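Trainee: Chain residues, written in single-letter form:
2 protein chains.
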Amino acid sequence: MSLWFSEKYADGVAFSIKAEKQLASVQSRFQKIDVYETKDLGRILVIDDYLMLTEKDEFIYHEMIVHVPMAVHPKAENILVIGAGDGGVVRELTRYDYVKKIDLVEIDEMVIKICKEFFPEISCRFDDNRVNIHIQDGLEYVKHLNNQYDLIIVDSTDPIGPGESLFTEEFYRNCRNALKDDGIMINQHESPFYKVDVIGMQNAHKKIYRIFEISEVYQAHIPTYASGHWLFGFASKKYHPVKDLDAGRWNSLGIKTMYYNTNLHIGAFALPNYVTELLREAERDN
Amino acid sequence: MSLWFSEKYADGVAFSIKAEKQLASVQSRFQKIDVYETKDLGRILVIDDYLMLTEKDEFIYHEMIVHVPMAVHPKAENILVIGAGDGGVVRELTRYDYVKKIDLVEIDEMVIKICKEFFPEISCRFDDNRVNIHIQDGLEYVKHLNNQYDLIIVDSTDPIGPGESLFTEEFYRNCRNALKDDGIMINQHESPFYKVDVIGMQNAHKKIYRIFEISEVYQAHIPTYASGHWLFGFASKKYHPVKDLDAGRWNSLGIKTMYYNTNLHIGAFALPNYVTELLREAERDN
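Chains as they are written, first to last, in the numbering used here: chain Y, 1 to 286; chain S, 1 to 286.
Hint data in this document are derived by calculation from the structure and do not stem from the laboratory. Predicted model only: the values in this text are computed from it and were never measured. No false leads were slipped in.
Which copy is meant is left open, so a pair is good if it fits within one copy or across any two.
Only pairs whose alpha carbons sit at most 25 Å apart, straight line, appear in this in silico DSS-like list of lysine-lysine:
{"hint": "1", "residue 1": "39", "residue 2": "8"}
{"hint": "2", "residue 1": "195", "residue 2": "21"}
{"hint": "3", "residue 1": "56", "residue 2": "8"}
{"hint": "4", "residue 1": "195", "residue 2": "256"}
Whenever a hint applies, use it, and build me the whole structure from the sequences.
Mentor: Shown next, in the form of structure tokens:
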């Protein structure tokens, strides 16, 4: 008997991974969390039957959501991370010596617990003394903050389930308030190919574009996410993600990466025409 | 009862597409050719149980294999296309008024026949009077050519089955001879993620790197190919794919594309570190 995890990208499109065994299956207050051991992709984390990460390609997502803004902002010291209970974002952020404080806001304590147990190479830096873990709803956490953070990273799940509030205009507006005048907000921005992801992407972009002075989108090749073509939003009051990239400064830090580099940074913002058209469509919808 | 087409990316990883109906199934002298109608991806072409193209995303592959070299070479007039029996490469090439001759060498006449019948929007330019169709083995065709083409596009299937000879050193060497002094060869170059594709990629790169003065690799987001992260090889005796890009010239042609643009052209050559490392590994293997 074999055990296959399968995720539908559309009604008639599925991506399936054979599991050698199930390592954990927990129903938390918020969601169902499963961990499987697989041969081809290492351990995988599944929440409410959606693939969250695989050990084999998680580095791509985590490097791209962290190093892109860190190479633009001249000195991001105070950072808010929303979601990201697996620890991957924190792991990448703690590689910067000049970071002073990382507030991590995760709604579901169980995600952290499970990842600490089963994904030690991802959750390895929760004990860094700059990290403060807040078990709380992200929408609530940012409600009354002002002028506090250099960088906010919104590492949400898809815009259904507990992650839904992280795709609202209210949330983005509060994030803008929580940022300093030269602050940057990064969010996972869904994907331009399958219909359900396009809706999520356009919906997020429409709102962020309305609220931030600068609102650009960048892409990465993430093989185990739907279509493999994943997007991130870069929103800011001041910095442009390409014109204000300081490649020399970033490269002088000597941070070793497996996906990110400063040439790829520029290329990541060079979107295909059809993606740009979908974003323009969302902007016109305002 | 439902009909699912499924392709294994690895032993324990599969990508599946639900077919509404099977439109054709033919065993040619060389291979099995199937056409299915699907809801999410339009019609799909399957050869020997490998997905060759879908109507929904074929434009990405065809634009990227054609417009990248056409934007670098100042005036590619004589072009050889090997494989490509679906007609997608020819469709893109015939959009250039200055192209004088396109020799298409396809080993399997049945592919052309099937695509003319079931993929009219891809095979639509076979009747352009600059196109000469040669039903022949690509390896044989290039054997005794010299200094004849400005551009050779190798649109092969995977390096198994009838496409195998298009991944040999002999073939690449003959292509080099068939090119003029400033000629360019483009080939589909497999993918950097799943093991079987990595082997194909490194194997092709090792040989091309040995033979051509300039040998670079570029990437595209092709959602329905394994990992969605697909690569192409750019090999040349003279032109560098980025330094010699003439964006002004290409943009002045006014060719409308859905994926390609000249900014993306540059970004496509900005590879992730892990891909660059796999290529360097292949180069050292020489």
